[in-house]
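A.B. asks: These two chains come separately, so use the hints to put the complex back together.
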Amino acid sequence: GQQLNQSPQSMFIQEGEDVSMNCTSSSIFNTWLWYKQDPGEGPVLLIALYKAGELTSNGRLTAQFGITRKDSFLNISASIPSDVGIYFCAGLNTNAGKSTFGDGTTLTVKP
Amino acid sequence: NAGVTQTPKFQVLKTGQSMTLQCAQDMNHNSMYWYRQDPGMGLRLIYYSASEGTTDKGEVPNGYNVSRLNKREFSLRLESAAPSQTSVYFCASSENRFYGYTFGSGTRLTVV
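Line order of the protein sequences matches chains V and H. Quick note on numbering: the numbering used here labels position 3 of the first sequence as 3, and the sequence is numbered without any gaps. Quick note: to get the numbering used here, add 111 to the position in the second sequence (first position is 1).
One chain only, chain H, in its complex shape (with noise of 0.2 Å):
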């Protein structure tokens, strides 16, 4: 089984440019959940879509946006990309919301 598949692995942007990060499960899991990993910081809520249809907001949103395209895949889009959004990121997702989550390997971002 794949799991958690995100593309790409790693990206270089230039400041003001967009991009749209993808991820797909084939775990018919309900929930997924955009993080983002900074040295120090741990992992940080970005998104979250708790069922198909639904996404809300986690601990840090500004400058994305994300779409739940169906039960397998939720992207995580960049509009005019920042040095602040120099991180890795990863995506995840569990069978609902009472249990623990899949990851995937990330995607390592870099904005000049």
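Here chain V stands alone, though its shape is the one from the complex (with noise of 0.2 Å):
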């Protein structure tokens, strides 16, 4: 089946420092999606991409879809203690009606 390679698995970084993490794939994705998971919590939706070439912001969250449809990224600027989190990428293939999820990485902010 389709498989998504998430990196960094873990990052380490101090307070309003900018982060960044990316996803890829051997298949190509009609839709990718960025979630964001707080300790004891499901996954919270933040920014989906459904054009080849999108960037798309939301705040300081910043993702794009790469142009090749089988990767994407998604950039953190000036983090802050709250964005501490697991990061999770998707990527939708309409035909298949489910989305892959990515292994995520785990942001730990230091204050």
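Hints should not be assumed to be uniformly reliable.
To be verified - The list that follows gives simulated cross-link-like pairs (lysine-lysine, BS3-like), each with its CA atoms no further than 30 Å apart: (1) H:LYS182 <-> H:LYS120; (2) V:LYS70 <-> V:LYS98; (3) H:LYS182 <-> H:LYS168; (4) H:LYS182 <-> V:LYS98; (5) H:LYS120 <-> V:LYS98; (6) V:LYS70 <-> H:LYS182; (7) H:LYS120 <-> V:LYS51; (8) H:LYS168 <-> H:LYS125; (9) V:LYS51 <-> V:LYS98; (10) V:LYS70 <-> V:LYS51; (11) H:LYS168 <-> V:LYS98; (12) H:LYS168 <-> H:LYS120.
Hint data in this document are derived by calculation from the structure and do not stem from the laboratory.
C.D. replies: Encoded structure:
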């Protein structure tokens, strides 16, 4: 089946630093999604990307849909302590009818 | 809005016991999903229901059954629980297969 490689697996950064994480696949996706999971909660959708090359922002978060349709990137600018959590990418093929998730990037922000 | 509601939040089972995890959404979504989350393994799809009246297997369906009771409710049943089924279970829903998901807050299941 389709697999996503999400990296890095974990990050330890200082408050105020910028963060970058990415997801790559051997398969093409029609939609890329980024979620954040706070401890003890379910993932929450942050950004959805529907078009190759699309760049979308949500506050301090910016995500891009790669032009090959096989990758996506998420950047967080000026990190704050509440950015702590697990970030998941997901690729969606409308034909498949379901998303494939990466294994997540665990972000720790030191005050 | 409640969104996606899962019950129970916590459960401890003995090996061989059965139980049903309940999930309900109030967003009039067509598609619903069950995932399990284990440390270091991300989210793995157990079963999904693209629309009312249909269900399909995901990556890890063995040992589970599902029922799409109506448009709102999608339950997951463990017929004979095993320690390997100790996990956090998430239910999710989406408007349709083209959109992202809304997740519930999870059921933490321990099988001893």
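A.B. asks: Quick check: which numbered hints come out false for this structure?
C.D. replies: Violated hints (numbers, rising): 6 and 7; every other hint is consistent with the structure.
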